[in-house]
Amino acid sequence: MIRVSRTALAATGLSLLFALGGEAQAAGRLAIYNWFDYLPQELIDKFAKEYEVEVTLDTYDSNETLLARLKAGVTGYDIAVPGDYMVKILIDEGLLEKSEPNKLPNFVNVDPAWVDVYWDPGRHYSIPYQWGTTSFMVDTNVYDGDIDTLAILFDPPAELSGRINMLKDVNDVLNAGLRYLGFPRCNDNPEQLKALNEMLLGAKKHWLGFNSDGAKEVLVSGDAAAGMIWNGYGLRARLEKPSLKYAYPREGFTGWMDNIVVLKDAPNYDNALLFMDFMMEPENAAA
Numbered sequence: 001m002i003r004v005s006r007t008a009l010a011a012t013g014l015s016l017l018f019a020l021g022g023e024a025q026a027a028g029r030l031a032i033y034n035w036f037d038y039l040p041q042e043l044i045d046k047f048a049k050e051y052e053v054e055v056t057l058d059t060y061d062s063n064e065t066l067l068a069r070l071k072a073g074v075t076g077y078d079i080a081v082p083g084d085y086m087v088k089i090l091i092d093e094g095l096l097e098k099s100e101p102n103k104l105p106n107f108v109n110v111d112p113a114w115v116d117v118y119w120d121p122g123r124h125y126s127i128p129y130q131w132g133t134t135s136f137m138v139d140t141n142v143y144d145g146d147i148d149t150l151a152i153l154f155d156p157p158a159e160l161s162g163r164i165n166m167l168k169d170v171n172d173v174l175n176a177g178l179r180y181l182g183f184p185r186c187n188d189n190p191e192q193l194k195a196l197n198e199m200l201l202g203a204k205k206h207w208l209g210f211n212s213d214g215a216k217e218v219l220v221s222g223d224a225a226a227g228m229i230w231n232g233y234g235l236r237a238r239l240e241k242p243s244l245k246y247a248y249p250r251e252g253f254t255g256w257m258d259n260i261v262v263l264k265d266a267p268n269y270d271n272a273l274l275f276m277d278f279m280m281e282p283e284n285a286a287a
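Going by the working numbering, the sequence shown opens with residue 1, and the numbers climb by one from there.
Keep in mind that the hints were calculated from the coordinates and are not lab data.
Each statement offered as a hint is correct.
Label pairs and their calculated CB-CB ranges: (1) Asn187 <-> Asp146: 24 to 30 Å; (2) Ala68 <-> Met199: 24 to 30 Å; (3) Asp45 <-> Asn197: 42 to 48 Å.
Here are the simulated DSS-like cross-link-like pairs (lysine-lysine), alpha carbons at most 30 Å apart as the crow flies: (4) Lys204 <-> Lys245; (5) Lys205 <-> Lys245; (6) Lys168 <-> Lys205; (7) Lys49 <-> Lys98; (8) Lys264 <-> Lys46; (9) Lys103 <-> Lys71; (10) Lys168 <-> Lys71; (11) Lys241 <-> Lys205; (12) Lys168 <-> Lys264; (13) Lys194 <-> Lys205; (14) Lys46 <-> Lys98; (15) Lys168 <-> Lys241; (16) Lys168 <-> Lys204; (17) Lys71 <-> Lys264; (18) Lys98 <-> Lys264; (19) Lys88 <-> Lys264; (20) Lys88 <-> Lys71; (21) Lys103 <-> Lys46.
Since the model is a prediction, treat every value here as computed from it, not as a measurement.
Just so you know, even glycine gets a beta-carbon here, dropped at the ideal spot from N, CA and C.
All chains should be modelled from the sequences, with the hints used to inform the complete structure.
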């Protein structure tokens, strides 16, 4: 689903982890590969100071970018934060190290509902981080009609045409298109996929562009009058521009969970586990 930034989810009470602080000690380095503007800098600084670890952070703009770079042989990272379905893909591709709940003292405090998940049953490779939804926002100063429909993205009113930002995430765009047409998301029907392709090509003229890193900024600035966005990031946008409204389209919308994982051949494996445990302390999970 990062989604450039979903940091504000914690502020809305969607943080998942409740744990007691650990007493582990560490030193050395930790390299994090994460969504843009997702981990608060003050939290990174806190971990670095508390455990005397030098932390570096690089970013990606989609789950698919993360997968492509790892499959291309990019190395040197310890931690990543993939979405739910991508965790399963990374496991199947042999791109993750096991973290195992019994190596993480604070794991016992994770809600049992988030332990036996389809993408990592028993959580041998991951811990839950944040969850939310992917939809879109509309500037109601520009358009004050019904926004709870995916037609806003694919067959918009004249007020919005040419001013719609789409996420740079093929999975999110395709899923929205399939829902709009009433087709199943897991789909290999050639006629339905042809119809999807034709619909998307026809809708493209209404779009300003594809921007995940700036999904909030283009809405707040007014460059876009509507745009796909994650709900936590959308909250931050609305705080800056109250005329923005988050839509819940009746055709459906995507729910997601992001997870913290240790990458294959992580050079700082022990520090990666320490960071995972650190993130399960309640005050850190809520940061």
